[in-house]
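Novice: Chain order of the listed sequences is U and D. When the count follows this note's numbering, it moves up by one through the first sequence with no breaks and lands on 351 for the last residue. When the count follows this note's numbering, it moves up by one through the second sequence with no breaks and lands on 111 for the last residue.
Hints should not be assumed to be uniformly reliable.
As the list claims (entries may be wrong) - Within a straight-line C-alpha distance of at most 16 Å, the following computed EDC-like cross-link-like pairs (lysine to aspartate or glutamate) qualify:
(1) U:Lys171 <-> D:Glu78
(2) U:Lys52 <-> U:Glu321
(3) D:Lys12 <-> U:Glu272
(4) D:Lys16 <-> U:Glu272
No lab work stands behind these hints, which were simulated from the structure alone.
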Amino acid sequence: MATKSLLKRESELANKKRQLEILSNGLFQSGELPKFADKIAETNQFPLKAKKLEILQINVGYMCNQVCSHCHVDAGPDRKEIMTKDTMQQCLDVIKKTGAHTLDLTGGAPEMNPNFRWFVEEASKVGIKDFIVRSNLTIIRANKKYHDLPEFFKTYNVHVVSSMPHWTRGKTDKQRGDGVFDKSIQALKDLNAIGYGMPDSNLRLDLVYNPSGAFLPGDQASLEKDFKKALLEDFNIHFHNLFAITNLPISRFLDYLIASENYEDYMFALVEAYNPSAVANVMCTNTLSVSWDGYLYDCDFNQMLELPVNSKAKHISEYNEDLLEGRKIVISQHCYGCTAGAGSSCQGTVA
Amino acid sequence: MSKTYYDPSDLKKFGKISEWNEELGAKFFDYYGKVFEEGHLSAREKSLIALAVAHTIQCPYCIDAYTGDGLQRGITKEEMMEALHVAGAIRGGASLVHGVQMMNKVNKLEM
Chain U
1 MATKSLLKRE SELANKKRQL EILSNGLFQS GELPKFADKI AETNQFPLKA
51 KKLEILQINV GYMCNQVCSH CHVDAGPDRK EIMTKDTMQQ CLDVIKKTGA
101 HTLDLTGGAP EMNPNFRWFV EEASKVGIKD FIVRSNLTII RANKKYHDLP
151 EFFKTYNVHV VSSMPHWTRG KTDKQRGDGV FDKSIQALKD LNAIGYGMPD
201 SNLRLDLVYN PSGAFLPGDQ ASLEKDFKKA LLEDFNIHFH NLFAITNLPI
251 SRFLDYLIAS ENYEDYMFAL VEAYNPSAVA NVMCTNTLSV SWDGYLYDCD
301 FNQMLELPVN SKAKHISEYN EDLLEGRKIV ISQHCYGCTA GAGSSCQGTV
351 A
Chain D
1 MSKTYYDPSD LKKFGKISEW NEELGAKFFD YYGKVFEEGH LSAREKSLIA
51 LAVAHTIQCP YCIDAYTGDG LQRGITKEEM MEALHVAGAI RGGASLVHGV
101 QMMNKVNKLE M
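Same shape as in the complex, but just chain U (with noise of 0.2 Å):
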């Protein structure tokens, strides 16, 4: 498994041309697979176009104590970016001011961000109605000074959502890296001791699943009651509600997919499994994404891609609701991952 970042290893994929180009070329551009504009406007969907903004997810940085296989950030310890104090403070400015009624921090390893206590507390302030951080797990293990993030998330009554691919340590290891699963046990008994995804419990422990390989997910609630039974009988863990997300072809999963020779069938398998209905949905028309250095996409994939908004707003300094609604999203062949089967977002199934 590797250890670093396409960046880090001057990967031709780091570059998101190159990336772009893969999505347009091949299948798409010889006709085989219609491209996802064509595709929605079949049933007059296109152009996709923003609502009101229910959810502002914050990108903080993406640096993060692991490499899984499957990200589409990119993410790892040699990564850099990280959201500076000021751009938090612009972001907190947009926080008081907007309408969404969800606040959504991700990463990277958000924690990992050295201002992340700071803008916790001040955005928890607002009182905004959801207000998550996606957390990984194992970074509440890592060191000694994350240890008491989850007596840290229950004093703000932040929202917690983590990933876990499996309720199998074989599964987890393998895309997330040797021994993530055991110490992800031990962080969710953590939170569990506190409250944490306990029944009837209002600390909110949510699960995300991604599929660990070139295929989708399943349907999210019977992967949701195998997870809360298995984590149950050999854990004795509770959780509230398990997302199950599609993997997108970006990044290291679109390098992974090419590397072990199932970017085709994979498109095919999106594309098969498009369902107009889920489009209606789809989270970019409802989301916001500010990433660490503070401009705006559609989402974290667009961003991953440097797909930024189409609208005169481009900053979170330039942030303006009446500006951004109504914008057209910006699309490629990586939205099918959204669009498949019962749909894909980062709250979960969609349709």
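We have chain U; now place chain D onto it with these hints.
Specialist: Below, chain D without anything else, positioned relative to chain U:
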């Protein structure tokens, strides 16, 4: 014509069999869909049965389909291999149980 009997891309065209007999094709796929719904057996259990049967009848399309289906459902490779051994045991047993017939015949014919 293809130079080989099996082409993996033909699996995607399975639905086309209805083109030459819409009524029976539709009935078959409707039945097929119902069979795999959650029932007294879970869809997960049915997927494992399908995988074992696929190996028993040695259908490459079915093996392809139900290996992928199992992965999507979170079925582990250990569970898949155990299911295959069930198929293998029944197949092997089916040969060996006929050994009784052989033994009966030998016992009858030999002095």
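Novice: Honestly, which of those hints from before does the structure not fit?
Specialist: none
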